[in-house]
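Engineer: Chains as they are written, first to last, in the numbering used here: chain A, 1238 to 1584; chain B, 24 to 144.
FYI, nobody ran anything at the bench for these hints, they're computed from the structure. Hints may be right or wrong, so weigh each one.
Stated by the list, open to error - Listed below are several chain B residues computed to face chain A (Cβ distance under 10 Å; list not exhaustive): (1) Tyr31; (2) Ala41; (3) Gly56; (4) Leu127; (5) Ser131.
Where a beta carbon is used, it is the ideal one built from N, C-alpha and C, also for glycine.
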Amino acid sequence: MGDQPIWITFIVTFAIMTVLLLSMAYTTWYERKVLARFQDRLGPTRTGKAGLMQPLADAVKLMGKEDLVPDAADRNVFLFAPLITFTTALLSAAVIPWGGTVQIFGTDVNLYPTDINVGALFILATGSIGVYGIILGGWSSGNRYSLLGAIRSAAQVISYELILGFSLVGIFIITGTMSLTDIMFKQHEMLSFGPFEISNWFVLTQPLGFVLFVIAAVAETNRAPFDLPEAESELVAGFMTEYSAMRFALYFLGEYISMIIMSLFAATLFLGGTSGPGADKFWGLGIMWLVLKVMAFLFFYIWLRATLPRFRFDQLMGLAWKVLLPLAILNIVVTAFFRLIGNGQVF
Amino acid sequence: MEFFGSNYIVMVFMVVTAFVMGFAMAGISTLAGPSRPNKAKSAPYESGIPDVKPVRPQFTARFYVIGMLFVIFDLEAAFMYPWAVNFDVLGLGGFVHMIIFISLLLLSYVYAWKKGALEWV
């Protein structure tokens, strides 16, 4: 970590959190617009130009709704659980870099809240703590749909978290670090093939790891086609069934922030983060490249939702444990083997 | 600001800020929204029909099996991270050790599969 005064770190952190919350609101707009296009509709058009005020209108409406606590609910846990999901989702942003150390008004500013040496593990950890919010919320609702949704969600998230964790080991072998800042800057180096120069993005050296990571990331955020915890046709709204007003919105916010965080995480690990033409000369361009990559990932999320039907629960578990887990271990062994040969430590 | 734990002060700041943001948002709707509970509204949601069975339902023991498998394989992952980060230092010896470790776990994985622990019926 650079030696900047702590108040600058706090300002950068606060700015990143605010940007995340705003972009989350507009991710809902983006999703509705894109999904509408997939279905040959227009999506929101009435609130402001191209429906741009829609997220604001939704927020105001949700704030004016009744915050209902059912009689059967465990009141304190019920009121507290959505805050866990929301807080941990935002906390994951702590280790994601938006650039290196840059000069703003003559002062050195780190474009990341913090750079711990176990950054990648930290995101996995906050992701698993987020499950507490889901399982406590579902259990405390005193409703069978909520409980079933919560237990399904817990089983799904722990299964896919395993895949998520294993798919990253290949990158740790190549880079020898778990710090996201270091991993990102390793990808800013260029590889040259004769006259051509391409960025050393890890999607090129870890294609299998990338595919496994993306599948696991979609499942980890409970999105279609892995949205079994909130399967409308069988579980009403899953663990959110009894929630209303802003507490419902907190779960919703948490899910969308997790989506953005997972997109940022994938872009940082596999697509070079801020790497792109001109990014090394001006840091603003780097942020723009990162945002573009995140938007591409979000588009992919929505595309999946528009295209694929929902999995059955046994298929979901079978995919994780019988297909993805052996593939992830294979990826680790193959990566390690080629790294040994590349280092000249064998033969 | 380079001292022990300086990275984690930022995280404490983030937890507090995020919690306050969430608490404030939930608080707004508690204050601004109406509060008119009635018996039907406060009953567990059951698609409009009265609830008859006890509300805490049983669920299948498969979930516990998944939980146990997760503990086993997540521990394996926890052993792999330090090995992966120090891969270049450990070299061929570390690679052989890890292959032995993975083969042992694959053995237990095949056993669990044959026993039907991975089937979801």
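Engineer: Each hint: holds or not?
Structural biologist: Status of the hints after comparison with the structure:
no. : hint   : in the structure
1   : Tyr31  : 8 Å, holds
2   : Ala41  : 4 Å, holds
3   : Gly56  : 5 Å, holds
4   : Leu127 : 12 Å, violated
5   : Ser131 : 12 Å, violated
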